[in-house]
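Let's have the full structure, built from the sequences with the hints guiding it.
Going left to right, the sequence shown walks through residues 108 to 1050 as this note's numbering numbers them.
Simulated from the structure, these hints should not be mistaken for lab results.
Among these hints, one or two may not hold up.
Unchecked claim - Computed beta-carbon distance windows for the label pairs:
(1) SER459 to ALA289: 26 to 36 Å
(2) SER821 to ALA784: 46 to 56 Å
(3) ALA134 to ALA705: 34 to 44 Å
Unchecked claim - Derived pair list, reagent style EDC-like, types lysine to aspartate or glutamate, alpha-carbon separation capped at 20 Å:
(4) LYS1029 to GLU992
(5) LYS716 to GLU390
(6) LYS467 to GLU536
(7) LYS716 to ASP755
(8) LYS716 to GLU751
(9) LYS716 to ASP706
(10) LYS716 to GLU205
(11) LYS179 to ASP197
(12) LYS179 to GLU390
(13) LYS873 to ASP898
(14) LYS873 to GLU661
(15) LYS1029 to ASP744
(16) LYS1029 to GLU751
(17) LYS1029 to ASP706
Virtual Cβ for every residue (Gly too), placed ideally from N, Cα, C.
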Amino acid sequence: MEHGARGLLGREDETAELRRLAVSAAAGEGQTAFVIGETGLGKTSVMEAAVATAQRLGLRTLTTAAQEMAQKRPFATIAACLGVDSPSGDVLRSRVAEILQGHGRFGMPGAMVGGGEADFASVEALLGLVDDLCTREPLALFLDDLQWADAASLHVVHRLMRSVHQLPLLLVGAYRPGPGCAVDRLVRGAALGRPTVLELVPLSPPDVSAVLAGMCGAAPGPRLRAMAGEAAGNPLYVMELAAALLREKAIELHDEMAESTAGYPVPSLTALITHRLSPLRDEVLQALRVASVLGAPCTVTELAAVLDRPTHELLSIVTEAEESGILHDAGNHLDFRHDLIRRSLYDALAGSTRAMLHLKSAHALDDAGAAPERVAEHLLAAAPAAGAFLVSWLRGSAAALATRAPAMAIQLLDTALTLTGPDDPHQGELQLHRALAHLSLGELAEAEESARCALLRPAAPEWEWGSRWIIVQATFGRGRADLALAETRAACRSESVPSTEATRFRAFSAVCLFALGRLAEADAVAASARCEADGDGPALANALNVLSAKRFLEAPGTEALQLALQATRFAAQSPHPAQRISLQLTLANSYIELDRGADAQRTLATVHKAAERTGGVFLPWYHLSCALLAFHTGRWDDALTEVEAGLDPGEHFAMSRALRAVAALIAVHRGQRSDAAAHLTAVDAASDRGTIAWFYEYLPLCARALAEEAHGESEHAYSRLAHAFDHGIGHLPSRLILGFLTPDLVRLALARGNTAQAQRYAAAAKARADHSGGPYHLGDAYRCQGLLEKDPDLLLEAARCYHEAPRPLSEAHVLTDAAELLASRRRPAQARALLDQALEIYARLDAGWDAARAASRLRTMDVRRGTRGPRSSIRHGWNALTDTERIVADHVAGGHSNPEIADLMCISRRTVSTHVSRILHKLGMASRVELATETIRRMNEER
108 MEHGARGLLG REDETAELRR LAVSAAAGEG QTAFVIGETG LGKTSVMEAA
158 VATAQRLGLR TLTTAAQEMA QKRPFATIAA CLGVDSPSGD VLRSRVAEIL
208 QGHGRFGMPG AMVGGGEADF ASVEALLGLV DDLCTREPLA LFLDDLQWAD
258 AASLHVVHRL MRSVHQLPLL LVGAYRPGPG CAVDRLVRGA ALGRPTVLEL
308 VPLSPPDVSA VLAGMCGAAP GPRLRAMAGE AAGNPLYVME LAAALLREKA
358 IELHDEMAES TAGYPVPSLT ALITHRLSPL RDEVLQALRV ASVLGAPCTV
408 TELAAVLDRP THELLSIVTE AEESGILHDA GNHLDFRHDL IRRSLYDALA
458 GSTRAMLHLK SAHALDDAGA APERVAEHLL AAAPAAGAFL VSWLRGSAAA
508 LATRAPAMAI QLLDTALTLT GPDDPHQGEL QLHRALAHLS LGELAEAEES
558 ARCALLRPAA PEWEWGSRWI IVQATFGRGR ADLALAETRA ACRSESVPST
608 EATRFRAFSA VCLFALGRLA EADAVAASAR CEADGDGPAL ANALNVLSAK
658 RFLEAPGTEA LQLALQATRF AAQSPHPAQR ISLQLTLANS YIELDRGADA
708 QRTLATVHKA AERTGGVFLP WYHLSCALLA FHTGRWDDAL TEVEAGLDPG
758 EHFAMSRALR AVAALIAVHR GQRSDAAAHL TAVDAASDRG TIAWFYEYLP
808 LCARALAEEA HGESEHAYSR LAHAFDHGIG HLPSRLILGF LTPDLVRLAL
858 ARGNTAQAQR YAAAAKARAD HSGGPYHLGD AYRCQGLLEK DPDLLLEAAR
908 CYHEAPRPLS EAHVLTDAAE LLASRRRPAQ ARALLDQALE IYARLDAGWD
958 AARAASRLRT MDVRRGTRGP RSSIRHGWNA LTDTERIVAD HVAGGHSNPE
1008 IADLMCISRR TVSTHVSRIL HKLGMASRVE LATETIRRMN EER
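So, in C-alpha cells, the structure goes:
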C-alpha cells in the first residue's frame, strides 16, 4: 500500500491505534490486537507499519506468517515466530525446541490436548519462553495470516491473550475471516484479555485516487478512476491493476493527469497476479513453481535439492524473482511477496505434477534431516503417489511423528496400511505405530483397537509385547483396570514375551488389582513380582509402590513410607518419565498425609519441572497435590492459586473434579455459597474416568457433604459420609481412605444419639493413629475419644497434635468443641479463651462460616468472644497479599520472569503466573511494571 503524509493511505486510524498499543506495551502494560480484513485490504501492510513503529519505540519484534501447508503441524506458526523451529545458539530457545521434540512423552497416554493439536508441556515451554523474552526487554509478536495457523499455535495465542496484561508484550495478529475460521471464533469469543479488533474496510475513492497518483506519477483521469472502481476499494487490486497497466505502457500522462488507454479491459485480481509472472524466464517460472510446492518460507538449499541443481545456479533466478516483485527478502529464506502469487503458481500445476513435486520435496527434506513433520506435510499432499517411500519412511520416522504430530502420523499410517494390504509383513509394525499415535492423542479406545490389530499380524517378538503394553496403558488409562489386568495376564502367558517383560507385566497386574480394590491379591502378586524382578527397576518400582500403598491404607506409618521411598529410587532406572513422576507424586501425597510437610514440599519441588516437561495428567496431579498441602496447612489462598493453575490441564486430563472440590470446600468454609455452588455444579458436570482420579473421589464427596451441612442438612451429610465410610467409593476401600472424616462422623453420630456408631468411628481413628503415630492422626483419635467421653483434656490434647501437624482448621474445630464442653461445665472464662483462639484461627483462614457457627454454638451457652478480632480477611490492597504473594511480588520487583521465579521458589510457572494475576487483581494494578514500582517504593520506605 502507498504511504501518505499521515501514514498508510486509508489506514491512518488503524496504524495510530497500533502505535498507542505499542506505547502501552513498551511502558509495561501488555496489549493484544487483531487486524481483520479480506484478501488485499492491506492487513500485511498495516502489520509492517506496526512492526516499524514498535521497533522505533524500543520493542523487540518477532514476526511470522502462518502457512497454509503447515496447518496440520502442531506449533508451526508460533514456533516460527519465536525462533524455535530451527537450530539456535540461544539456550532458552534450545531448551524449548527440545521439549517440542516430545521425547519425554513417547508412548504416554493422552499427552495431547484438543484432538492432538497441542500438548501442555510444549504450551508451557513456549509461554515460559515469552515470559523470559519479555523480562529481557519489551516484546512485540506479529503473526500474519492466522486463518492458516495450526490449532496448537492458536492455543498458545489464546493463553497469551489471557496473561498479556502481566507482561510488557504487544501481541498482534492478522487474518482473513471466513466460515469456520478458528481464530475468528477465538477473537470474538474472548472473555478474558479482550483484544482490540481493527476491521479493515475498502479504501475511499479519494484514497484510491491517491494510491493511483503515487504509482502513476499524476492524478488519475476519469477512465483510470473508472477502471479502478472495479476493484471496489481493494488496495492490492488497485495496485496490481496500475502495475499491469504500467508494464503494458497502457497509461498516458498529459495535462498533469494519468489516463488509461481507451478500451483496456479490467481483468480479475488473479489474472493480474498471473500477468506479473508473464515477463519471467521459463527457468525462473519453473523454480517458482517448485517453491510454491515446497511452501514458504523455504531455503535456497531446499529449492536446489528439489530442482536437482547446484545452489549457486539459483542465485540469479532468486534475484530476478525479487526484482520482479514475486519474492521479497526474508533473510535466509525465500518468501512470496503475497500468498496469492504462490497460490496462482501452485494451482496452475497439474494434480499429478503437484504430487510428484511434493514427493520430491519429501525426499529432499528427508535427506537434509528436516523435522519429520515437514516431510509428513509433503507426503500427505503426495499420497497415494508416495507409495514405497511412504512405507519405508514411516518405518523409520513414525515413532517420532506419532509423538510430535500424532494426527498427521495417523493419516499417513492409514494411507500406508491401505497401500500395503493385509498380507504385507510390515502391517503389524505400522499398526503398532498407529496405536502409539492414538495413545498420544488420548484416543485410548482407538489405541487399544490398533494394538490388537498389530497382535494379529506377523511381526518381530518385540512388536508383540510392545502392542500388549499399549493395550494395558490404553485400558488402564480409560479406567478399565479389569481389561488391563486381563492383558497383563495374557502377556505373562505368552511365550514370545521375554522373562524381564513378563515380570514387568506381572508387577503391573498388581497395580491393576490394587486399582480394582482387590488389595489382598494385589499384595500377593506384588510380593511375588518383587522376588522375581532380580533388580529390574521398572518392575520393582511398581511392585514396591503397590506394597507401600496397601500398607499405607491399612497401617500408615514408617514401613509404608520406606517402601514408597524404595519405589521412587527404583523408578529412577525407568526409561519412561511417567513412572518416575507418578511415584514421586504418590510419595508427596504420602508425606502430606503423615504431616511431613517439609518432605512433601521438597518432593513436589523436585518433580515440578519433570511434570511441566512431560505434561499429560501429571500437570493437574502436581497442582492438586500442591493444593492439598496448602489447604491442610492453612494456606487457603495458595491452595486456590494451585487449583486455578491446574484447572485448564485438569479439564483435559480428567482431574478437574478433585481440583474443583478443593475450591468448593474452601468456599463453603468461607461462607461463599454462590462460589461453592458453582464449583459443585462443575464437579457434577465433569466426568473424570481416569484411574488416578479415582483415588481423589473422596474430595467431591466431602465437599458435597460439607455444603449440605452448611445448608442445615446435617442428616443428609451424615448419611452420605456414613455410607461411603462403610461401602467405599467405586472400587476403593473408602473406610481406609476416609479415615480423616472420623471426627465429623463421631460428631454427627452423637448429635443423632447414635453412640454405638460413634464408638465404631472412634475405634477406626484410634487404629489409624496407632499405626502411623502422626500428629494429625493422633489428633483425630484424641478428638473422637474426647467427644465420646466429653473430656475437654482429650480435646485439648487433640488441639496440641493438630497444632504440631499443622492442621489449623482441625485445631480450630477441636478448640470450639473443648470450649463448648467447658461452657457446659460452667467454666465460661476458659471456654471464652478457647473460643477466642478458635476464632483467631478461623479469621486467619477467612473461614467465615466456621467462625459464625462456632460463635453461635457458644452463644447458646452464654459465652461470647472476649477480644474482638478481624471479622474477615482483607480482600484488596497490600495487606490482602499472602506471604507467598509477597515473595512473588519481591521477585517481580527484582526483574525476574515467571519461569525464573518458578525456579527460585521451586514451584511451577503456571502457579507463578496465577499468583501474579491474583496480586494485580488485589492491588488494582494493570501491569508488572506497576507492581515492581510499588514494591520497590515500599521496600525503600521500610529501610
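- Task: Could you work out which earlier hints the structure fails to respect and list their numbers in ascending sequence?
- Result: 2, 5, 6, 11, 12, 17
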